[in-house]
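Novice: When you get a sec, could you build the whole thing from the sequences and use the hints?
There are 2 protein chains.
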Amino acid sequence: MPRTVDRAEQRRQIGAAVLRLASEQGLDEVSVRTVAAASGRSPGAVQKYFRTKDEMLSFAAELAGERFEERMAAVDTARPPREALRALVLATLPVDAERRAEAAAQLAFALRAAHHTELGAIRRRVDQEVREALGAWLASAGIGRGADPAADRLALADAVIALSDGLALRLLYAPDDREALLCALDRALDALIPPPVPHS
Amino acid sequence: MPRTVDRAEQRRQIGAAVLRLASEQGLDEVSVRTVAAASGRSPGAVQKYFRTKDEMLSFAAELAGERFEERMAAVDTARPPREALRALVLATLPVDAERRAEAAAQLAFALRAAHHTELGAIRRRVDQEVREALGAWLASAGIGRGADPAADRLALADAVIALSDGLALRLLYAPDDREALLCALDRALDALIPPPVPHS
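Same order as they appear, the protein sequences are chains F and R.
Quick note on the working numbering: the first sequence kicks off at 1 and runs consecutively.
Quick note on the working numbering: the second sequence kicks off at 1 and runs consecutively.
Worth double-checking, as some hints may not be accurate.
Put simply, identical chains are the same to the list, so a pair is met inside one copy or across any two.
[As the list claims (entries may be wrong)] Cross-link-like lysine to any residue pairs, in silico, SDA-like; alpha carbons within 25 Å at most:
1) Lys48 with Gln128
2) Lys53 with Ala8
3) Lys48 with Glu179
4) Lys53 with Ala174
5) Lys48 with Glu69
6) Lys53 with Ser31
7) Lys53 with Phe68
8) Lys53 with Gln10
9) Lys53 with Glu83
10) Lys48 with Arg79
11) Lys48 with His116
12) Lys48 with Pro81
13) Lys53 with His115
14) Lys53 with Glu29
15) Lys53 with Ala74
16) Lys48 with Gly146
17) Lys48 with Arg20
18) Lys53 with Thr77
Because the hints were derived from the structure by calculation, they are not lab data.
Since the structure is predicted, the reported quantities are computational estimates derived from the model, not experimental observations.
Specialist: Here's what the structure looks like:
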């Protein structure tokens, strides 16, 4: 490794190897030893940047969360709300190899978060950020109903996040159901964000 | 163990120990050795019923699928469609210790299914059964719209399954968000199964 590659970049490279391994072989296979092999380093070189497996996993979970938010931020939300929301969900669904890798890693971290305090805290923080970003965007699109439109938007945001996670999970083990699952996404979005009633 | 306990019952007891371990400590911690300890057997006694870890996991995944379908079958679907569907989803969400254990095991199997052919096949079969049962039940409740009501019902069923899986995943690592997530469930069900328009 050239000496000019700094510590933050080394950590990111190792984090990327963790995500790749987690998505290809599952989180069980991630260890200092396997990550070292996958990233062309010695175990000692990995441990210079991450002392424990848990430290390495927390960093990779943060990295996956950042990528997820970058993908969302790249979506053009100036389109009609229903189309923009569909694009937001599609930006993270595992419908190609790269997003498949990210979704597999994200879901593996989420599940592990049930038993690991630090991963749980990271995951809850990312959820809150995504939820509030979605809520703000729904507000700017004029969506939100009832006596408390802000609460309505957050409920809508939580429903879309859950729908998206559930579809991602199933796409990972049932990639052939892709067409059916995209129909389900459209069916749900039609119901959640009904088109404006045409003036007659 | 008394000799009268037959082979099928032994396998079920070991399968139950797998589900318990998977939910309490995660699927990484499941091995012939840990399952033997958790079920009060020797590793050799466990291997009399399951030769490999994968065989043991496949059996436990089937068991979890059966429990899931039993919970669904126990729901009174004679209620109004929106209420019955809510009860169906709630029957499987991890809102108490027992369902938390089942949901954690189910989601762990689902994620592992992305990398394991046999678990993938089991999970896809269970999904198809749940999807068709939901579709048939939506038909009997008179739900289904557009040119192809049967396809519409399957899309609706897939959306509800995804929503339910996504909510279950988040409830596992964010149990304090329970109220917010039940609001999200209600918000989504209101949109997916709108109440009949009152006659004016």
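Novice: Which constraints among the numbered hints does this structure fail? Numbers only, ascending.
Specialist: Violated: hints 1, 3, 5, 9, 10, 12, 15, 16 and 18.
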